[in-house]
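Student: Listed below, chain by chain, are the residues.
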Amino acid sequence: MDDRLKSIIALGRDQLDTAVPNPAVYGRILKELEGRKRKKRMVRMFTAVSLTGIAAVLLIGFFVSVFEKHQENHPEAAGANNIIRKPVIKQTIIDSSGTVDHVIAEADKLNYQNENAVRFLTHLKQEYAFQISASPSKRLTSIYALESQHKVDKAVEDALFEVLNNDPNANVRMAALDVLSAKMHDAAIRKRLVYTMVNQDEPMVQLMMIQLLSNARESDFIEKLGQIINDSHTDVEVREEARFLFAQYPKNLN
Amino acid sequence: MKKLMSFVFMLLFVSISLFAQESVEQKKIKEAQKQLEEAKVDHYKKLNEALKMVGARADVGNVKRKAFRGDNVQAVTYTIPFATGILELNFAPDSIEGYDGKEIILKSWVEKEDQELVDGLVLVNSNGVADNTGMGLRVEKKEKDGFLSISELDTYGVPGVKMMVPQSVKLILKYNSTYQNEKITLINLKSEIDVAVRFNPVVIKKISGPTTINSMYGKIDAFFEAEPTKPVSLISSYGDVSVNMPSTSKVDLNIKTTWGKIYIPQSLVGKLQKDANSKENKEQLKGSLNGGGNLFVLSSAWGKIFLRLK
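Sequences listed follow chains A and B, in order. The opening residue of the first sequence carries number 1 in the numbering used here; numbering runs sequentially from there. The opening residue of the second sequence carries number 1 in the numbering used here; numbering runs sequentially from there.
These aren't lab readings, by the way, just hints derived from the structure by calculation. Values in this document were obtained by computation on a predicted structure and should not be read as measured data. For each residue, glycine too, the CB sits at the ideal point set by N, CA and C. Keep in mind that a hint or two might mislead.
As the list claims (entries may be wrong) - Facing chain A, according to a computed beta carbon distance under 10 Å, are these residues of chain B, among others: (1) Phe9; (2) Ala39; (3) Val139; (4) Ile172; (5) Thr211; (6) Ile235; (7) Asn254.
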């Protein structure tokens, strides 16, 4: 009975199927169906894109970090080898009693060629009312005023290195080292500190520099320690410290 | 689609494995740094013990020298008119005391027997520079007015010199010899002080001018009767740095040590904080007292730092 009914319906479906659904209801159903299709497509597309994106971001991130590390280890150490020791400026600072202008004039008279030093004096005078000949304590205060700045520009960086290498007062040099040590996230500053460490003629400051840089993982640090050990003019205590660190320095840190 | 997915997962796998490799390397480096730190601590313990022994030996030497002096001595006084300017000392006097005067007065002693032997002669050093004070010191005025230097001729030091200096004179003291390592006391000075010594402990009392002092091995003791109104920087590498000042002092404190310890009054706990910029220094505290004002730096790489407020 059922099979017969099925075959009759199958044969005459078009004739029997005369009812038309409510257009509003039908339209709603169609919209829902289209929405589902769209959602399904979107989900699939999102999955593929997101996965590719994640992978790409991870890869880019990794390669950027590798590149940065490489840059840290091989920075453009411009000026790192340019540390010119000029005892002349030291003498000028001690003997002068005027202002920065006087020091610059004295430096010119003595054919002092280090442009960085003159630039530094001029710059600090303009920017920080720095009076190098006034007193060690004033220099100290001016230098510590730089400590609050997260970034220092190249001229100020040069100035700090000049102070670190040439100021006649060890406390002032230590102040410059303090300010520079707070900027050691900058690979170029670290590199430059390693180079100036060798030429530092104030034993107390040199000791602190060695201490400071022993944890910085600079590629040339061990080589420079070797230079300090072999330099007979270097203070005995400093050489002893360098010798100790040289012996202890783990090979995989360099 | 399957190909794309497998490619993506392959990329992910490569990335993760590379990161994992990186973190293993970091771990190795940290371990190596830890070993280095431990070795350093051990080294500095030994170094401190050695330094104490050296200090003890030097003390014995000084006691012997004093005992040898006995009563057979003759007082020597030398006076230089110098009311204002820069005074540079290249020897280590026992004390430098400021006073309201216009002359620099040097007081010391010489062996009577030595005086008889050298009667009519003058002491010179290997550069041919002669003693012009009668106590083994050379006083020289530099080309510029207002700049006077006093240097020792004897490389073994001139012991027991006491100085009186006009309060307005700026003082520069530089001394590196190992032979004269007794304490140097500076009292009642109002002008600028710049002291750089190697072995001598330094004591300052009633000082009111700008002050920068450093001693590589010596201890630095500072007693401020009144609030410091000028910048102060006291630095020692191996010695302790101790400061006693009024609790009303308005200063910007900057205290740091690498291997030493910092002691501060209970009232300052929580007011001084580690400097956010400085990651390399092991212990560094900064803070303002009573609203701040003058820079006040206390630093000792291997020694202890004591700050007392009264």
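Student: For each hint, tell me whether it holds in the structure or not.
Tutor: Each hint tested on the structure:
For Phe9(B), the interface hint holds, the least distance from its beta-carbon to any beta-carbon of chain A being 8 Å, beneath 10 Å. Because the smallest distance between the Cβ of Ala39(B) and any Cβ of chain A comes to about 5 Å, under 10 Å, the interface hint for this residue holds. Look at Val139(B): its Cβ only gets to about 18 Å from chain A, farther than 10 Å, so that hint breaks. Restraint check, Ile172(B) versus chain A: the minimum CB separation of about 8 Å is within 10 Å; hint holds.
Among the interface hints, the one on Thr211(B) holds; its C-beta lies about 7 Å from the nearest C-beta in chain A, closer than the 10 Å criterion. Taken as an interface hint, Ile235(B) checks out: its beta carbon lies about 6 Å from the nearest beta carbon of chain A, inside 10 Å. Hint status for Asn254(B): holds, given a least beta-carbon distance of 7 Å to chain A, under 10 Å.
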